[in-house]
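**Student:** Letter by letter, the chains look like this.
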Amino acid sequence: MNVTSRFAAWSVAATASAVLLAGTALANDQLVKMSQDPAQWVMPTGDYGNQRHTALKQINTGNVKELRPVWTFSTGVLRGHEGGPLIVGDVMYVHTPFPNKVFALDLNDQGRIIWAYEPKQDPNVIPVMCCDTVNRGVAYGEGMVFLHQADATLVALDAKTGKLVWSVKDADPAKGATGTSAPQVVKNMVLVGVSGGEFGVQGHMTAYDIKTGKQIWRAYSEGPDDQILFDPAKTTNLGKPVGADSSLKTWEGDQWKIGGGATWGWISYDPALNLVYYGSGNPSTWNPTQRPGDNKWSMTVFARDADTGVAKWVYQMTPHDEWDYDGINEMILANVKVHGKDTKALVHFDRNGFAFVLDRASGALLQANKFDPAVNWATGYNLQTGLPERVKQYSTEAGGAEHNTKGICPAALGSKDEQPAAFSPETGLFYVPTNHVCMDYEPFKVAYSAGQPYVGATLSMFPPKGEKHLGNFIAYDVNEGKIVWSDPETFSVWSGALTTAGGLAFYGTLDGNLKAVDAKTGKELYKFKTPSGIIGNVTPFEHGGKQYIAVLSGVGGWAGIGMAAGLTEDTAGLGAVGAYKALSNYTQLGGVLTVFGLGD
Amino acid sequence: MTRAHMLAWCAAAALLGATSLQIAHTARAADSPDSERPYTIENGHIDRATFRGYLYYGDACLRCHGPDGSGSSYAPSLVDSLKRLSKQTFEETVINGRMNVGTANDKVMPSFGTNADVVEHLEEIYSYLKARSDGAIGRGRPKKIGETDD
Numbered sequence: 000m001n002v003t004s005r006f007a008a009w010s011v012a013a014t015a016s017a018v019l020l021a022g023t024a025l026a027n028d029q030l031v032k033m034s035q036d037p038a039q040w041v042m043p044t045g046d047y048g049n050q051r052h053t054a055l056k057q058i059n060t061g062n063v064k065e066l067r068p069v070w071t072f073s074t075g076v077l078r079g080h081e082g083g084p085l086i087v088g089d090v091m092y093v094h095t096p097f098p099n100k101v102f103a104l105d106l107n108d109q110g111r112i113i114w115a116y117e118p119k120q121d122p123n124v125i126p127v128m129c130c131d132t133v134n135r136g137v138a139y140g141e142g143m144v145f146l147h148q149a150d151a152t153l154v155a156l157d158a159k160t161g162k163l164v165w166s167v168k169d170a171d172p173a174k175g176a177t178g179t180s181a182p183q184v185v186k187n188m189v190l191v192g193v194s195g196g197e198f199g200v201q202g203h204m205t206a207y208d209i210k211t212g213k214q215i216w217r218a219y220s221e222g223p224d225d226q227i228l229f230d231p232a233k234t235t236n237l238g239k240p241v242g243a244d245s246s247l248k249t250w251e252g253d254q255w256k257i258g259g260g261a262t263w264g265w266i267s268y269d270p271a272l273n274l275v276y277y278g279s280g281n282p283s284t285w286n287p288t289q290r291p292g293d294n295k296w297s298m299t300v301f302a303r304d305a306d307t308g309v310a311k312w313v314y315q316m317t318p319h320d321e322w323d324y325d326g327i328n329e330m331i332l333a334n335v336k337v338h339g340k341d342t343k344a345l346v347h348f349d350r351n352g353f354a355f356v357l358d359r360a361s362g363a364l365l366q367a368n369k370f371d372p373a374v375n376w377a378t379g380y381n382l383q384t385g386l387p388e389r390v391k392q393y394s395t396e397a398g399g400a401e402h403n404t405k406g407i408c409p410a411a412l413g414s415k416d417e418q419p420a421a422f423s424p425e426t427g428l429f430y431v432p433t434n435h436v437c438m439d440y441e442p443f444k445v446a447y448s449a450g451q452p453y454v455g456a457t458l459s460m461f462p463p464k465g466e467k468h469l470g471n472f473i474a475y476d477v478n479e480g481k482i483v484w485s486d487p488e489t490f491s492v493w494s495g496a497l498t499t500a501g502g503l504a505f506y507g508t509l510d511g512n513l514k515a516v517d518a519k520t521g522k523e524l525y526k527f528k529t530p531s532g533i534i535g536n537v538t539p540f541e542h543g544g545k546q547y548i549a550v551l552s553g554v555g556g557w558a559g560i561g562m563a564a565g566l567t568e569d570t571a572g573l574g575a576v577g578a579y580k581a582l583s584n585y586t587q588l589g590g591v592l593t594v595f596g597l598g599d
Numbered sequence: 000m001t002r003a004h005m006l007a008w009c010a011a012a013a014l015l016g017a018t019s020l021q022i023a024h025t026a027r028a029a030d031s032p033d034s035e036r037p038y039t040i041e042n043g044h045i046d047r048a049t050f051r052g053y054l055y056y057g058d059a060c061l062r063c064h065g066p067d068g069s070g071s072s073y074a075p076s077l078v079d080s081l082k083r084l085s086k087q088t089f090e091e092t093v094i095n096g097r098m099n100v101g102t103a104n105d106k107v108m109p110s111f112g113t114n115a116d117v118v119e120h121l122e123e124i125y126s127y128l129k130a131r132s133d134g135a136i137g138r139g140r141p142k143k144i145g146e147t148d149d
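These protein sequence lines map, in sequence, to chains A and B.
Numbering that gives the first Met the number 0 applies: residue 0 is where the first sequence begins, and numbers increase by one.
Numbering that gives the first Met the number 0 applies: residue 0 is where the second sequence begins, and numbers increase by one.
Chain B regions said to be covered by chain A (calculated; three or more residues, Cβ under 8 Å):
#1 50-56
#2 60-66
#3 104-110
For the record, the hints were derived by calculation from the structure and aren't laboratory data.
By construction, the Cβ of each residue, glycine as well, lies at the ideal position given by its N, Cα and C atoms.
Assemble the whole structure, with the sequences as input and the hints as a guide.
**Tutor:** Here it is as structure tokens:
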């Protein structure tokens with residue numbers, strides 16, 4: 000931060016100090032306002048509701064076929080490129096996987112580099128990252144850019160110069176904790192989660208003071224009430240208080256200390272309710288026989304008071320996980336009709352293949368339906384108890400350790416992973432990038448050792464019975480709780496979606512195409528093959544009165560690892576012949592940002 | 000456990016007397032795949048030790064080298080590697096790790112010398128990957144000798 004802006008920030012703080020709350024609300028209001036300007040994209044989630052929708056409509060169903068790349072930018076990094084850029088005023092901020100470079104690009108000058116930041120990180124952090132060295136993007140607030148480095152350090156950079164303003168160590172990579180997720184700025188805080196579910200971390204969400212990096216609150220996913228920031232009398236689960244030790248009671252002995260529940264997904268915020276929402280990941284290890292109990296609060300939707308971190312309500316989607324169905328996918332906040340009734344909803348397309356619709360104020364469970372018909376581990380959910388109706392045949396616990404459970408759908412990568420869905424207020428539909436993959440899963444006993452993998456299961460993956468495609472891009476209606484249309488894709492769809500007021504839905508494919516489809520019908524209207532597979536999020540912006548669409552390509556991540564060599568034939572012989580296409584025959588590594596626009 | 004520990008210890012000791020460059024050089028020059036077949040196959044089914052190798056591969060290696068040792072966007076195919084590497088080089092690589100970080104690369108093969116599960120099951124992991132590399136077993140979960148063919 001340069002001297003003048005620091006002084007300005009300081010004097011704002013000083014004048015507002017008498018009414019501290021008004022002061023913090025101010026910073027918040029500014030970002031909310033910026034997020035409502037469709038020319039910019041100032042949060043990794045687009046807006047606090049994680050809707051990934053733009054009001055821009057210059058590019059529309061009529062002219063999208065004329066879309067073409069107008070400039071490109073190579074990041075110089077080969078690994079998987081998740082997330083997407085931010086656009087703040089005339090500047091675009093582009094991040095990369097390890098070594099986690101950040102570039103500030105000048106939109107007035109064809110993406111000329113204004114500044115570049117590259118942290119010095121110990122390369123020993125690379126092998127403790129789960130699956131490739133991905134990073135899901137930076138956040139912006141108060142003239143600073145916030146980066147969550149692989150080594151679990153959160154840094155604040157001056158948005159004008161790239162100079163380090165502050166830096167804080169969020170977690171310890173020596174214990175397997177790493178940074179992959181995008182931070183989110185809420186009020187006077189920067190919120191950040193942690194990765195490491197495959198290394199037995201005790202997952203946590205932490206709020207840091209935006210000006211100093213000083214910790215304001217930290218909430219663990221499992222542990223005693225004072226660590227998970229639960230008020231036993233006031234924190235509720237489906238409307239009832241959780242009571243004392245709600246987490247501890249669901250673990251054997253001290254296992255919660257290495258219990259996982261990493262928080263590596265996206266963060267949403269409802270300013271009216273002052274609640275932040277996010278999910279926790281799998282309980283460690285992947286071997287369910289080794290950790291009896293419900294393993295709370297892994298696999299959970301958390302609604303926490305933004306100021307204190309205290310949980311208002313929680314809901315565990317997959318108690319005692321047996322399949323690695325992390326609950327970290329984005330929570331989309333939207334006001335929609337659910338069964339005909341206007342609802343302030345939280346909509347979440349979970350890895351476990353169910354689309355959860357909750358009342359985001361009360362945490363009541365309103366709907367939980369499959370968003371991929373292939374899902375078979377449970378037949379449905381009891382909305383009163385919130386429990387899944389499990390199918391014994393697909394329980395990896397039932398057969399005990401070293402028993403191979405066959406034909407489970409979805410596979411461990413979930414019916415959908417971190418790649419965020421979009422919500423269009425115009426159509427009232429959700430647009431979801433999905434995986435259409437099943438698995439055999441065999442758990443076995445493993446020892447815990449700090450900083451070493453703590454997985455304890457092996458799996459093989461294949462397409463659902465009789466099918467050849469591994470992904471779908473779907474439109475989903477929460478009013479009726481059903482799929483409206485579904486576009487099949489050769490590979491899992493691993494890119495964040497975008498909807499536009501121009502009637503379009505955009506997404507990228509693993510084989511490298513950026514696609515635009517008609518949001519009403521799903522009809523493909525445009526595609527362009529970018530230099531590498533797309534696992535990044537499609538991002539809109541406007542500059543000089545013209546609308547653009549930006550996307551990072553650069554294959555990798557869990558998708559690149561699982562599919563590079565193609566999937567296997569399932570042991571039960573259910574998969575279709577010829578479905579085992581190797582992704583490596585379609586695309587190769589390399590990070591490139593492509594910006595699309597219409598001709599003049 | 001002892002053998003692999005010894006190996007790690009020897010490699011470390013050797014480093015004191017020679018530069019790592021020289022070691023890498025000699026290892027490469029002398030390297031050729033072992034002809035020995037540590038696994039047993041009966042009607043396409045494998046012995047239990049090799050099967051355990053498959054399990055521990057899933058635990059410690061899959062997330063980088065991909066399903067069934069087939070390689071990924073992150074790390075090389077070990078099915079191919081074992082067509083070139085000796086057992087000794089394989090074991091040294093797993094115990095000591097390898098770093099390939101520079102302007103164009105940020106690849107790190109971690110050292111598993113302190114990971115008891117890997118160290119204890121290293122011979123089994125090798126046996127599984129060798130069987131894959133020799134084409135003795137295909138992709139997916141191999142069947143154990145005595146297991147039914149359902």
